[in-house]
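Using the sequences provided together with the hints, build the complete structure.
Letter by letter, the chains look like this.
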Amino acid sequence: MNSNFFKKFFEYIIFSLAILLAFLLIFERYLQLPELVNWLGHFHPVILHFPIVLIFVTIIQYWRGDKYISLYIGFTTLFTIISAMTGLILSLDGGAKGQLILTHQWMGIGCAFLMVCWYLINEKPNFSKIYIKMIHGGLMVLVVVTGHFGGMITHGKDFLTYGKGEEKDEISMPDDPILYTHIVQPILDKKCVSCHNENKSKGELLLTGFEGLVKGGESGSVINQEDVEASELLHRLLLPTDDEDHMPPEEEDQLSPDELQVLRSWVELGANDTLKYSQLNTEDPLYVIVQSKIKAQQTKQWKDLPEVSDDKIADLSSDYCHIMRIYNQSNALQVLVFPNADYSPKMIEDLKPIAKNIIELDVNNLPLGEKELKTINSFSNIERLNMSNTPIDDAIFRQLGVMEKLAFLQVYSTKLGEGSIEQLLSFPNLKELYLYNTGISAAKIAEMAAKKNDLVIMSESMEAQTFKSVLPPPTLAPEKSLFRDPFYIKLEHPLADINFNYTADGSDPTSDSPLIKNSLLIDKSFTLKYFASKEGWDPSTIDSVVFIKSSRIPDKYTLGNPPNSKYTGYGKSLLFDLKRGPQDDLTSDAWMAFREQAFVLNCEFDQGIALKKIILSSLVNTDPYLFPPSSIRIMGGNDLQHLKLLGSMKPKPLKKRKRRQFAPYTIELNSKTPVKYLKIVAEPLYKIPLWHQGKGERGWFFIDEVVFVE
Amino acid sequence: MDLKDEIAKEKLKINRRHFFSKLSVGLGTVALGSLMVPDLLKRGGTGLDSEMLKAGIPNFAPKAKRVIYLFQAGAPSQLESFDYKPLLRERMGEDLPESIRNGQRLTGMTSGQDSFPLVGSFADFKQYGQNGTWVSDFFPHIGKVADEICVVNSMHTEAINHDPAITFFQTGNQISGRPSMGSWMSYGLGSENQNLPAFVVLTSRGKGNSQGLYSKLWSSGFLDSKHQGVLLRSGKDPVLYLNDPDGVSRSDKRVMLDKIADLNHKHYDEVGDEEIHSRIAQYEMAYRMQMSVPEVMDIKKEPESIIKMYGAEALIPGTYAANCLQARRLAENGVRFIQLYHQGWDQHGNLPNEMAGQAKDVDQASAALILDLKQRGMLDDTLVIWGGEFGRTNYCQGKFSPDNYGRDHHPRSFSIWMAGGGIKKGITYGQTDEFGYNIVKDPVHINDFHATLLHLMGINHEQLIYKYQGRRFRLTDVAGNVVSGLMA
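Going down the list, the sequences are from chains A and B. Per our numbering, residue 1 is the first one in the first sequence, and the count goes up by one each step. Per our numbering, residue 1001 is the first one in the second sequence, and the count goes up by one each step.
These are computed hints drawn from the structure, not numbers from a lab. Quantities reported herein were computed from a predicted structural model and do not represent experimental measurements. Do not rely on the hints blindly, as some may be mistaken.
With a Cα cut of at most 30 Å, we get these calculated BS3-like pairs of lysine-lysine [as the list claims (entries may be wrong)]:
no.	chain 1	residue 1	chain 2	residue 2
1	A	480	A	490
2	A	480	B	1300
3	A	276	B	1441
Structural data, given as structure tokens:
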């Protein structure tokens, strides 16, 4: 009873489905299917695999004499019909059917028909086996062909064509591309056509050609000149990705911002199929995008270069030879060789294994000779070559021969002369040539440019020659302004051939003032003023230095108070060693410093001395609390017990921050009579003024030298 | 527990059972992932590692091979340099209309001010070049090269104070810790010259009010420390501790380095820390730099005409002019990213005076650098950038008088210029309103600027990625659009 029930059950189901299928086929064009049924259609790609396998298995099992064969046939028939039905429903969902879909459809129906036939024949055992064989043959052929067409619909027509996948985007781009043909359509081809083609025109929109765009889809034209953004084409693309109506569908490859920009600009510009790149305004974003595509196209000329492996690059590279691909996965190489102690022409020869791959070579700064240039000549694909700052001259350069592909040559700062002009002009593709700082004159360069008008030659920048510059002031050597014995000074300058004018009388020097030739004898106290001048330069500012001849050192001297223990210098004799303490190093042993106690210096002269002035050389820098002293007093006399005040000064208190600066305090003495004893007292500042962070504290007094002037 | 124990234990953690149990979870995750993210396992798709740039090679043929960034630290006023606003002179002293300021936050320095008197430029402006680029009289030399440069008047940033702003400019983030631009380039493109750092920093300081510069600005952040910027100092020792101490010969040094490398390799075998390899590489580079750096830094070989072009200050080490000349020499020697900083542009007060001085420091040398690169054929593959970290307000800070005034920080619009390396020549990009306060056309955000910079160097900014602490970082992080209008 059970097997009978199943048999009946199958029979009814198969029968009713077959009727339904026939009904669908006949009334296809009048049908408006409910959403749910439409959705069932989406199962076609899942279900279709069952009958494909089942048909083959059933055929095999039939000939092996399986006892459950009728069950097999029943199942297979059922799935074949369901598969055909879902396929039909799916095809109704997608707009007009292309030839491909129609073929696939009728073949699928054919399969279902043959299966039903077999099912019916199988019930009648006295039927000739010859019919069964025919049905089997037909089924096998149909399954293979239907499957193949189905595959073409989903994966594209040339899915199975060998080796074609990569070359699709290789439409060659002319120098002046037509926007529609070369830019817009390739985008549509890449991102849209898989659903909007002759076979599968979703929304009845064909995007395979210009006519389709103009004609539009079921909702009319997709391009709206009045309101560009409302154009269906752009509107759909610009919707947020998660919007139902967004195109391409969320799961598909989306358009890049550049591609979107292209489509938008193209529509804005009138969406026609004749507009060319050269007609674009250079400000248009489209211009830039197209330009970069043209450039990308140009780099493809490196496609034919021989393969070079990463290992080979690593092998040939060293600390002084850098080899890199010009961009990812390209065989075009950029090579830089750097100067080093072990350099020999072999370094260049070693590059021979990649001779054809070198597109850019930079050998600037190397001691290049004939050998290297001969080798470089064999690197026949070089487009950019830099041989600047090298010792090449006309004779060496001759070895380079003619470089066919060379477009960009830098030979600045070399000994190249007019002997190379002809050779330079013989490079057929040379576009830019840099001859700055070579032996080729401006006149010759102009001649060259006239002979080859697509060649840009750069030499000394004309604008730069209008730049003027002020000479820096010279420096003095030795750097010494206090002296006891006469000495010579020299003026030094980083530039050669400088004139130094000077005066010794305190007036400002002019170009008529005397010149310092080699050196100048300093044998008395005076103010030297000087400046530097040179043809073609603005003269330097006037600098001055005050030379002071220190006449005597006391025969005996003692410090009344010891200096602060942190800054004692190397001892009291630092006060008379004529060496200045460095401004930037307070801990130097040329400085001594006082804070809590006053600086007191007692001097004794064997012979009486009549002084005009005394100079205390000090330093001011308010950041580390170095202030001028409160007062300086000089006392003197011939009786140690009764010294008289000979002179004093109170330096002006500081009202604001003062950065590091030498501060010489000169005390004029009003006594003309010689004295044997002198006492110098300098009181560090008692109270730092209120504006300073250390207000109320004592200031520091730093001293490095005491000078007596007779 | 110290780090070493930790690492040693970490190694022991993986045994056969762990391996299989992890493998099963791993495979499950991959399977699930491939279901949820359909492109996960697709080759060359929008996947993870496949998207990361193969270090050291551009994605596409680059327009610029190197960058010289003339950073004007402290933020020079755009209104006295490149953004010409005659209206400000006409309405000198009038209050800035609230409709223009529109709620822009103020710094603590002007938030107490009860009026915002508009103040026009002290310097006059002239038009230069074929396209009539406006340049102020503070920068006559830059005016002369107007046909080579592209002035961008529509830069904007988010930061309003120096440190976050300059950090943002240098690292793409206001908070420090991310790698600097130069480090990203070094990471993405590698070094051309293995004997010099790929990323070099030179600093100088003008007499104007200046703000601090910290080495974090040229730090490599989470990238390998070999990508860090190297500060070259002026004077005898461009790189500190680079020279051998007295009595140590170069061959002794070689022997020493080999021994240290042995020890380091052993250490690496034990703990497996990648930074050890960086360390070894850096010792080696320092060894080679002992020869190459003094060679590059020695400007004595420069002909006098070059010195004259940059200005005599180029002879004084440590000046902006000297650094510009140095930058060209470094560029000639294969350094990828040369970063100059010139301090002293923070003119909150005394602007006319201070800015004149600052401009004098940089004007001639910057223009000379452009021309010098051009006459050597290096301008078309060297990108030169000039600019500060933000702009300055169109109203006066502090006491107002037409010839002595100050300007506060202004993030909403400012000007920079760029030249060479794939940048359009002689144009002015972007526009601000007639008050010079808000951008009205073609704004360029710092992220866009970074994206464009990387693009010119042949890098897709979305693909220059480094994974750190469980997430992927980019210089542009999650933003940035390449500004095609700037590119030739």
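Each hint tested on the structure:
Taken as a hint, the residue 480 of chain A and residue 490 of chain A pair is honoured in the structure, with Cα atoms around 11 Å apart against an allowance of 30 Å. Distance hint between residue 480 of chain A and residue 1300 of chain B is fulfilled; the C-alpha atoms sit about 26 Å from each other, no more than 30 Å. Annotation: proposed proximity of residue 276 of chain A to residue 1441 of chain B holds, straight-line Cα distance about 27 Å (limit 30 Å).
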